[in-house]
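Note that the sequence shown covers residues 1 to 291 in this note's numbering.
Keep in mind that the hints were calculated from the coordinates and are not lab data.
Check the hints yourself; a few may be wrong.
Said to hold, decoys possible - Below, a list of computed lysine-lysine pairs in the BS3-like style, where the Cα atoms sit at most 27 Å apart:
| hint | residue 1 | residue 2 |
| --- | --- | --- |
| 1 | K79 | K274 |
| 2 | K216 | K195 |
| 3 | K216 | K255 |
| 4 | K128 | K205 |
| 5 | K128 | K195 |
| 6 | K103 | K79 |
| 7 | K79 | K101 |
| 8 | K255 | K205 |
| 9 | K103 | K128 |
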Amino acid sequence: MVESEARAESDKKSLEKKITKEKEIIHKKVAKLFKKTFENATEAELNLNSMYFICGAAECGIENNARVVAAAVITYPRKLILSRSPQSEAIVKIAGDLATKDKSLPGVIAPQPEARIFARSWYCSTRKAYQQTLALRIHQLEAVSSLDRVSGYLRQAIASDRNLLTTWIQDFRREALGENAPLSESDRWFDSKLKQGSLYVWQDKTTVSMVAYGGKTPNGIRINTVYTPPEYRQNGYATACVAAISQQLLDRGYKYCFLYTDLSNPTSNSIYGKIGYQPVCDITDYSFLPL
């Protein structure tokens, strides 16, 4: 009896080990797929425990000839992050299957064609209408262009910048994202960036602009939270700030920097082009409306 129990326990451990190994293989395949779509794009917060796979006919994933053709990430209560896919049927299947499990999904963020296919499929399955929240473009930089000199210099943010920069973060969220997040969130964000050493400002006679970075990929890193208050705009501060931090990051060994721009903001798209950022692909953000 004891021997059979020991054998059963050993078989259970062997099976668990095999399943873990198979999951790791799938994760690597999915990560490779996401890399093609998002490595130049987004922090995406890839939580492997909440990753949804499409692998052939099996519910655990759609593998076509042992090749992952689509992948999605859900970090509830946020929107679904969807990879590029060569097969629209895979996107339809993800939408249909998710709709049978949870109809509370708030939206989807994906390359433009895949986002549209998913949103239409979600509507067919749930009757929930959708609207475009943002149209974004991903840009990548491998070398900083030569720019005119701008008064001031880049410096790392310090603790005494808290009051100013948390106010700016609030303003940035309202202006760029349409969010009215509580100040406590901006405080936590500031503390995190300060600890990481990833928050910088452009210093002229006073502090005039800010920039941060994060969301590393195997080869690059993302620039984010670029903000200049209205009273300091049209002086080239944001351009100088982003150019300087981009050069620093390249000098540290990153192959490239990347960032998002809002397609409805031609100014930011123009600024980043001058620095040397080149378009990679367009991303669409859809929100699903309540019934």
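Next item on the list: Against the earlier hints, flag every one the structure doesn't satisfy and list their numbers going up.
Entry: Per hint list: 1, 4, 5, 8 violated.
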